[in-house]
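**Student:** Residue numbers (our numbering), protein chains in the order written: chain A, 425 to 763; chain B, 425 to 763; chain C, 425 to 763; chain D, 425 to 763.
Keep in mind that the hints were calculated from the coordinates and are not lab data.
Certain hints may be false.
[Unchecked claim] Below 25 Å or equal to it, Euclidean Cα-Cα: the simulated BS3-like pairs (lysine-lysine) are:
(1) 753/A to 741/A
(2) 502/A to 544/A
(3) 574/B to 731/B
(4) 520/A to 753/C
(5) 686/C to 544/C
(6) 686/C to 486/B
(7) 621/D to 519/B
(8) 744/A to 685/C
(9) 741/D to 750/B
(10) 519/D to 686/B
(11) 621/D to 495/D
(12) 741/B to 744/D
(13) 750/B to 519/B
(14) 686/B to 486/C
(15) 509/C to 486/B
(16) 544/C to 750/A
(17) 750/D to 520/B
(18) 753/D to 519/B
(19) 686/B to 686/D
(20) 731/C to 520/C
(21) 495/B to 753/C
(22) 486/A to 731/B
(23) 741/A to 686/C
(24) 731/B to 495/B
(25) 744/C to 685/A
(26) 741/C to 509/C
(27) 520/B to 509/B
(28) 685/C to 741/A
(29) 753/A to 519/A
(30) 486/C to 741/D
There are 4 protein chains.
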Amino acid sequence: MIIVVRDEATNEQVNQVVARIEELGYTTHPSRGAKKMIIGIIGDLNREELIESLGAYPGIDKLVPILEPYKLAGRSFKEGQSVIKLGDNVSIGDKKILVMAGPCAVESEEQVMSTALSIKASGASVLRGGAFKPRTSPYSFQGLEEEGLKILRRAANETGLLVITEVVDPRDVELVGNYTDIFQIGARNMQNFFLLKEVGKTDKPVLLKRGLSATYNEFLMAAEYIMSEGNYNVILCERGIRTFEDYTRNTLDLISIPVLKKLSHLPVVIDPSHGTGHWDLVGPASKGAVAMGADGLIIEVHPEPTKAMSDGQQSLKLDKFDILMKELKNIALVVDREI
Amino acid sequence: MIIVVRDEATNEQVNQVVARIEELGYTTHPSRGAKKMIIGIIGDLNREELIESLGAYPGIDKLVPILEPYKLAGRSFKEGQSVIKLGDNVSIGDKKILVMAGPCAVESEEQVMSTALSIKASGASVLRGGAFKPRTSPYSFQGLEEEGLKILRRAANETGLLVITEVVDPRDVELVGNYTDIFQIGARNMQNFFLLKEVGKTDKPVLLKRGLSATYNEFLMAAEYIMSEGNYNVILCERGIRTFEDYTRNTLDLISIPVLKKLSHLPVVIDPSHGTGHWDLVGPASKGAVAMGADGLIIEVHPEPTKAMSDGQQSLKLDKFDILMKELKNIALVVDREI
Amino acid sequence: MIIVVRDEATNEQVNQVVARIEELGYTTHPSRGAKKMIIGIIGDLNREELIESLGAYPGIDKLVPILEPYKLAGRSFKEGQSVIKLGDNVSIGDKKILVMAGPCAVESEEQVMSTALSIKASGASVLRGGAFKPRTSPYSFQGLEEEGLKILRRAANETGLLVITEVVDPRDVELVGNYTDIFQIGARNMQNFFLLKEVGKTDKPVLLKRGLSATYNEFLMAAEYIMSEGNYNVILCERGIRTFEDYTRNTLDLISIPVLKKLSHLPVVIDPSHGTGHWDLVGPASKGAVAMGADGLIIEVHPEPTKAMSDGQQSLKLDKFDILMKELKNIALVVDREI
Amino acid sequence: MIIVVRDEATNEQVNQVVARIEELGYTTHPSRGAKKMIIGIIGDLNREELIESLGAYPGIDKLVPILEPYKLAGRSFKEGQSVIKLGDNVSIGDKKILVMAGPCAVESEEQVMSTALSIKASGASVLRGGAFKPRTSPYSFQGLEEEGLKILRRAANETGLLVITEVVDPRDVELVGNYTDIFQIGARNMQNFFLLKEVGKTDKPVLLKRGLSATYNEFLMAAEYIMSEGNYNVILCERGIRTFEDYTRNTLDLISIPVLKKLSHLPVVIDPSHGTGHWDLVGPASKGAVAMGADGLIIEVHPEPTKAMSDGQQSLKLDKFDILMKELKNIALVVDREI
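Required output: the full structure, derived from the provided sequences and hints.
**Tutor:** So, in structure tokens, the structure goes:
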């Protein structure tokens, strides 16, 4: 960390800061220039409390962190790419790009089964679907809960797909874990630290969605919460950030793919459905994601989007998904990947 | 709701939409102009699923909601101002502006007791302090937990203050409720719907902090979640939103005070400490809040900010808080309030 | 436009609004539901003054515009794709993706000539370079001005490239037009309406960069300013928007490609250099742009980025640009384009 | 400036960077810790080119600027508060808070004269009004131009007010200067550097509005552009920034008042009309601004807002303005100011 001293700080004020840092067990590297004085503290400083308490000294102008605050999620922990095994013959982070698809909400056995058969034929490996739905309005459809989980599991078993579904309450982790292959943590829960810790205590893979206004740093710190409990099987998922633009539901931050891969060894997945909010933007967004190195896609599809109980306007019809998969295969090939 | 039809929509496409709306039990008001056709649906349309499923029709350009999606939190439920009783002789929403103060984190009996005595003398009514700390890093100080709750309760009892403290896990609502007078829901948990429902089942007042990138609509919908469970004692708290500006920790949205009071009958509190992140901005922000009609303030203070275990740089010293209280009293008087 | 009436509006207030609209020459379509009244005004309402003046009526809750305010730039003006001729055998908007490359700033004859030769060999068609540099600081290098324009022209003539360069002052349009083939309007000047009108009076193609916080609507309205003067040769360029994320210089909004192509017939170009601010993100961003349907790319390259007078950290070396061009050709092929 | 070296940088790479810095005439302060190496460069480093070119070195992780890039606008240039003389007996920056008021656009002699008489009686000192209107749409009313300037001048002369009006084109600075007492630079032109330089060559006071997404740093750099030409009479004006919230036209950043006063000696003015976009929020915003230390207010008023040619919905009626002025006087008194 670098401490920038105020122009008008007295020697006594500087000495107090230095004394405090040394009291905390660190050594200091002050350097004084013509116009500014800075104090470097080099070492393992991942302690927010230190940073925050120093900011209260009157002689301090600002504090500039240098080290990334995440350890297990970061490049200093692992240089290569993490490959996460999801099931027999299915993994993420290797050459094959993982495609997950399914409806926003589980509505009925028929809806899920017809979807599962269709996406399997198109080449998807994982069936997505919400059984517990965190909705902005308490008066909206909140999901079929355990009945929905059972429907997903049966459809997956019959078609040879894996299941990914969202868990929203730390008390439900065991229940959801009985049915799913992959936990999904939604964007609204990216900093629900008790939920993160709870899935961190399991050994099932966790797809962690980036919060609507989370920085890369905070996103990786949320992954760190899961990993710090011992579960290293974390998949990062970008699903759009909130900006001033309101034509799209969110602004899909595709450049997060190469950035997160530079900062972390964890696989990166794109959600083009929530990321754009329009079914006719899902195709272009998916193509961009594959060309830019995404390890996976999670796409909302529905047999009848006009009757969907949620997110109909961003759901692809099954035949359109099938066409998209063919187009994506071709792009994957030229960037040395497979779908 | 208003449905805007695409320029190139066929009559058949329009008829499909109209049929679907009527199938859902609503009546339509189409009007066709020289350049655009719109279809009005007037009635109680607070069903996200309807809105979303209509968006999937090929003839639809966009959907424009007209009614606010919140009921209990909104002006149509109550015209006047809600006054919430917090304890004997302490309430919020009436002429007297409520001041809550205390350290970010409960660190020790001495720290809390000296703070409580001092803020009581300065005129505060509620003691704040975190016992469960949701921290961005899993390696940061996470709070004293139940021991911290006990310290807060004892200090409040001895000084005649009320307690406000954060609850972060739905499983802890009962435990925290045993010690606190007011539940605090943090910004990161504004859309942790299961936590909202859990405090909604109690009858204790809840101070709900606005999420970092939550719109006014989403903020009021989160209040609605609590209220829809039967607990109408909700206090709205603005604590800064995330923008491109990074000099301040957040951008404190003071205009939210008159806006929220226009849209809702619930009391509005400002948190100038998290809202700015700098102790020397807390004074100006508090003065602005009082002049603009805030019903309360929640301010971080610390006997020794330079040794605080969290948020030292935004904590006021106790003597500075005392001076500020005097200044605020004068501003309150000229806007026909009291502190 | 839709006018939403306040719940508490009196009949008299509603009648005043209706009278005012009819006074302005429009007809109204009121519809009254159980909870809300709305008044539709369908027709050519592209007059901000009307919208704004109605908002001042006490009975009005809000105004919802329905028609896009742009005409010439929009889909209602032209259904297909505009192809803009830039020079002999060079155009944008057709199958071939246009690549523009060059240094941020023109520094010397040698720098520009070596760059021009190299990018020509790699397959670029247009040489970019700044002669007038709008810099955040008045103390930064402001460009070689006319001398820079001459260097660009000579290098382009000798290598068979076209020139694109920025014009920043309405008084310089004629001067810059004497040397360049394409005018560039920078992001900071997207709403410098007098500059837009000035280039609108010429018949040279104009590459218009999106402002840092401009919505799609405002971006297209800026294009409309140029087109309303008679110059229809406008190229839209996305170069990153400002968000809370500060790891990257800006957040490159790649989904703008399909959105702008849906809303407008004008060609869309991506600037991956300013859009990311890091040379090692330029490759992934360019690949995504091509896969998503961009009509062109404008890329900063420099023979010696470590000695560049501006933007060195986002400039590609010439050999890296050459490799990237080969990769882009392959992606272009699978999306049925050429480079 | 601090240079953070990549973990994997070789000694040779570090030596290259050090050599380059010394070649540019600076001395380096490297310090090497257990995990990271940093290189401090302390001195006058306000040269963007240096910063940017170093970023291109392969061994560099990131560059952290330490010194503020502005000189004349900053605290290191002047410790106290700048007081700017605007006319006989009228200045800004001293105890008296300056109030500017008037219509968004000059529409007619009667409109301006009745407004001028009324605001003068209410206690305003400066008459505002737009003669050249930069509008988002080329089809909107663009202002009365020179005829508007004449109307403003006459109304000011007859009532003893000063005039402030916007200049939008560098070619109009002389013309506008013939009529106005204070130049206004609009938010869209905050980085129209040639316009800034042009008003910088005059000696008339300049009210500079903050751009919609400008950081404090960029705002002060824009002031620096004007001051670097010799005109030190710059007034900073906050008028709302762009965020995700769309209920208000912009998010009025009131905390900018104490921040800008900490960073700069220039007077700070608030525009509550554009900052909120709703006439009923202008009062609360103005009260907050005065309580927080603003040196001035610029408020849109109109004798008949429902017939205004622009911005009617955010304009106060003249009688409401009069009441507000009385309320503001009381708040000013308790913060030791006057209106």
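**Student:** Take the hints in turn and mark each one as holding or not.
**Tutor:** Status of the hints after comparison with the structure:
no. : hint           : verdict
1   : 753/A to 741/A : holds, 19 Å
2   : 502/A to 544/A : violated, 34 Å
3   : 574/B to 731/B : holds, 22 Å
4   : 520/A to 753/C : holds, 22 Å
5   : 686/C to 544/C : violated, 32 Å
6   : 686/C to 486/B : holds, 14 Å
7   : 621/D to 519/B : violated, 51 Å
8   : 744/A to 685/C : holds, 20 Å
9   : 741/D to 750/B : violated, 35 Å
10  : 519/D to 686/B : violated, 33 Å
11  : 621/D to 495/D : holds, 16 Å
12  : 741/B to 744/D : violated, 41 Å
13  : 750/B to 519/B : holds, 17 Å
14  : 686/B to 486/C : holds, 14 Å
15  : 509/C to 486/B : violated, 35 Å
16  : 544/C to 750/A : violated, 34 Å
17  : 750/D to 520/B : holds, 23 Å
18  : 753/D to 519/B : holds, 22 Å
19  : 686/B to 686/D : violated, 33 Å
20  : 731/C to 520/C : violated, 33 Å
21  : 495/B to 753/C : violated, 56 Å
22  : 486/A to 731/B : holds, 17 Å
23  : 741/A to 686/C : holds, 20 Å
24  : 731/B to 495/B : violated, 45 Å
25  : 744/C to 685/A : holds, 20 Å
26  : 741/C to 509/C : violated, 29 Å
27  : 520/B to 509/B : holds, 12 Å
28  : 685/C to 741/A : holds, 22 Å
29  : 753/A to 519/A : holds, 12 Å
30  : 486/C to 741/D : holds, 19 Å
Checked against the numbered hints listed earlier, the structure breaks hints 2, 5, 7, 9, 10, 12, 15, 16, 19, 20, 21, 24, 26; every other hint is satisfied.
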